[in-house]
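Protein chains: 2
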Amino acid sequence: MKAEILSIGTEILLGEIVDTNAAYIASRLPALGIDIYYKHVVGDNLERLAETIGRARERSDVVICTGGLGPTQDDLTREAISAVMREEAVVDPQLEANLRGFFESRGVKMAEQNVKQCWLIPSSRAIPNPRGTAPGWWVERDGKMIVAMPGPPTEMTRMWDKEVSPELLRRNPGTILITRTIKTAGVGESNVDEMITPLQESQNPSIGTYAKQDGVHVRLAAKAPDEQAAWRLLAPMEEEIRLRLGAFVWGADDDTFESVVCDMMKERGVTLATMESCTGGLLASTITDVPGSSSCFRGGLVSYATEMKIAWGVPAEIIEEHGVISVDTAREMARVARERHEASVGIGITGVAGPDEQEGKPVGTVHVAVDAMWESPRTVSYTFNQGRSAVKRRAVTTALALLRQALLAHRNEAMV
Amino acid sequence: MKAEILSIGTEILLGEIVDTNAAYIASRLPALGIDIYYKHVVGDNLERLAETIGRARERSDVVICTGGLGPTQDDLTREAISAVMREEAVVDPQLEANLRGFFESRGVKMAEQNVKQCWLIPSSRAIPNPRGTAPGWWVERDGKMIVAMPGPPTEMTRMWDKEVSPELLRRNPGTILITRTIKTAGVGESNVDEMITPLQESQNPSIGTYAKQDGVHVRLAAKAPDEQAAWRLLAPMEEEIRLRLGAFVWGADDDTFESVVCDMMKERGVTLATMESCTGGLLASTITDVPGSSSCFRGGLVSYATEMKIAWGVPAEIIEEHGVISVDTAREMARVARERHEASVGIGITGVAGPDEQEGKPVGTVHVAVDAMWESPRTVSYTFNQGRSAVKRRAVTTALALLRQALLAHRNEAMV
Chain W
96 MKAEILSIGT EILLGEIVDT NAAYIASRLP ALGIDIYYKH VVGDNLERLA
146 ETIGRARERS DVVICTGGLG PTQDDLTREA ISAVMREEAV VDPQLEANLR
196 GFFESRGVKM AEQNVKQCWL IPSSRAIPNP RGTAPGWWVE RDGKMIVAMP
246 GPPTEMTRMW DKEVSPELLR RNPGTILITR TIKTAGVGES NVDEMITPLQ
296 ESQNPSIGTY AKQDGVHVRL AAKAPDEQAA WRLLAPMEEE IRLRLGAFVW
346 GADDDTFESV VCDMMKERGV TLATMESCTG GLLASTITDV PGSSSCFRGG
396 LVSYATEMKI AWGVPAEIIE EHGVISVDTA REMARVARER HEASVGIGIT
446 GVAGPDEQEG KPVGTVHVAV DAMWESPRTV SYTFNQGRSA VKRRAVTTAL
496 ALLRQALLAH RNEAMV
Chain P
96 MKAEILSIGT EILLGEIVDT NAAYIASRLP ALGIDIYYKH VVGDNLERLA
146 ETIGRARERS DVVICTGGLG PTQDDLTREA ISAVMREEAV VDPQLEANLR
196 GFFESRGVKM AEQNVKQCWL IPSSRAIPNP RGTAPGWWVE RDGKMIVAMP
246 GPPTEMTRMW DKEVSPELLR RNPGTILITR TIKTAGVGES NVDEMITPLQ
296 ESQNPSIGTY AKQDGVHVRL AAKAPDEQAA WRLLAPMEEE IRLRLGAFVW
346 GADDDTFESV VCDMMKERGV TLATMESCTG GLLASTITDV PGSSSCFRGG
396 LVSYATEMKI AWGVPAEIIE EHGVISVDTA REMARVARER HEASVGIGIT
446 GVAGPDEQEG KPVGTVHVAV DAMWESPRTV SYTFNQGRSA VKRRAVTTAL
496 ALLRQALLAH RNEAMV
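Chains as they are written, first to last, in our numbering: chain W, 96 to 511; chain P, 96 to 511.
Please note: incorrect hints may appear among the correct ones.
Repeated chains share a single entry, so a pair holds when one copy, or any two copies, can fit it.
Heads up, simulated EDC-like pairs for lysine to aspartate or glutamate below, C-alpha to C-alpha not over 20 Å straight-line [claimed, not checked]: (1) K307 with E106; (2) K257 with E106; (3) K97 with E146; (4) K307 with E250; (5) K456 with D350; (6) K239 with E258; (7) K361 with D349; (8) K211 with E191.
For the record, the hints were derived by calculation from the structure and aren't laboratory data.
Please construct the entire structure, taking both the sequences and the accompanying hints into account.
Structure below.
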């Protein structure tokens, strides 16, 4: 089965917003055994939209569209599909009742133009969208499909995962491809490459290495008639790679540093608190992105002003002697965080996020400390300047990696 | 003049790497007066590449390609262009001498397959690439152009800025396009649409509305022979739209909620502190994304555990009576944040980020309070559930919008 992806919207076409939907969908097609040969972006123009959808439908079995399902005059996906199919759109009474109910329940008056979100054509059925007002369209005739989903990623991803992907899988039994990503940290891409060199000859599963923000990823992809057979190909290779990479491996697939660290803390009955300066709360926010993090995360302090650091308990003489931007201050911040929150581990981060240097220390200077009850404090210091938000993100990743090391030591401790 | 952009490479097609080149180029075409109607992504496949380039060339004046200029068998852009033009590629002696010199100067033996990077066809000339081994191709015949640039963004962006963009500008004197985005909050897309309905008939400037995470954006785009003339078209329309949307407008173009709010605080000499529960530090992190926010942001507390809220100063009896997830607790958190940090405004956020309900309150319940010295506390409460990170983001946007209202009142206060 062949698919084409079409992202719709002038803002995406002009590069004013980044299209994450097409990559999301494309990366999930192989597991459904669907080949993709083309992706397109077209603006909010009826003629060009219809032309592109029509040509894609000639060439491929399924055309997957995102965007253009809003209520305004700019939203033309329904109109374009109707033109391609030469079918007339009419308001579906059930969809209209649902939509009016939705607005009523919020006590908001529905603008009349919203009613176009209740259109259907004879070959289409509505795809439910509990996260928004625009249902998707599943259009099917003459053995060809067009799937139209809303543009907002939260709406699109849910619709894809819960509705579209399972339906496509049912219609396409045959060869499938499954992938497995093994995530490492603390080792460079060429080193990982060397450690697994002979294995990389393998064709099925195929093996690739990728340098990412959270370390080097090794990606395995296995093709087989069904999922079980694909896993039989993949499993022994994964085991071999894990053996070769050893303790550098910290997770797989959707694991994030923060999810892995939260799982480790729960296993060990450990609790965490933070005190952040240059990261401004990003560490706490990243940890609390993990569902269930409330069972291990006690809380955090964001001490932007120096006098607040002192007010919370960082000794003024440490700051006077070493400066706010120092490994000593980071260590004290970690201790204060731990003690103030009665947690078993504290993390302190101080540094220069930019744009200006501070205390004569260059932008990108960062000190991270992890103070755990079962060992003496660990620290990392470095300078890395690729802009304010990159400095913040890198510092958070560094802190989580350091925390992971402390937690690994806790296990060893307990095992003695 | 009309252009199409083609991004070439199987990794981009499969969504394994994000294509930043197409957006880079697309966002720079309007200022050259070049319209863009289509973007495409095609994998490393000769037939599909040639088909796509051929069709784009029929339809548009210039086809801009990135990727597929490397030395391997997968790199097929030159082959595809040669096929489309029905011209044979031959090794150019000057390019070959340059390339061999490049490898020699680095003491590296050139792999013989690299020689394809020295190909030219009769209609092509090489575009210099000091950042890599692959020159670009400028192909021109019968009044149509094909421009092929390398995929690595550092090579592409330099080639675009120094070589391709100036050349296109020379060939396309005449019309340019400028855009302006007006940002609103507190009003829905269809309502904005209604408020500006008659204006939307306008063709030049054209007007579009877009629902975004930080509110509804209205985008104006004006075409004219030069920039000054374009601004003359755009300015009265912007004024008219601002008049109609009134206080809903909070910014324009690159303004973010947090940057606007920080500017307002600096203007008014106001300082801010936060106390966050369900947002877990995201509010503090968002504010500290703004360069120079240290002059108005004092610090924040992330009180995930209930006993920490009490330890910092939220009265236990308020929590007992109303629950942690209550507007009363949010109001106390805002007060505590303000007092603890000796700031002029405090923000408190409490709610249920999920995945589980809390105190019998559903996931997505959020209470936000802004406690400013110059007025009684403002609060907002709502329920919005689109997943954990969306709940957090929405709560932060709501808090910044509420803070903005308080700051607007501060100005009125001062003016009395």
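Evaluation of the provided hints:
| no. | hint | in the structure |
| --- | --- | --- |
| 1 | K307 with E106 | between (28 Å within a copy, 12 Å between copies) |
| 2 | K257 with E106 | neither (27 Å within a copy, 26 Å between copies) |
| 3 | K97 with E146 | both (19 Å within a copy, 17 Å between copies) |
| 4 | K307 with E250 | between (27 Å within a copy, 13 Å between copies) |
| 5 | K456 with D350 | neither (35 Å within a copy, 29 Å between copies) |
| 6 | K239 with E258 | within (18 Å within a copy, 44 Å between copies) |
| 7 | K361 with D349 | within (19 Å within a copy, 41 Å between copies) |
| 8 | K211 with E191 | within (9 Å within a copy, 60 Å between copies) |
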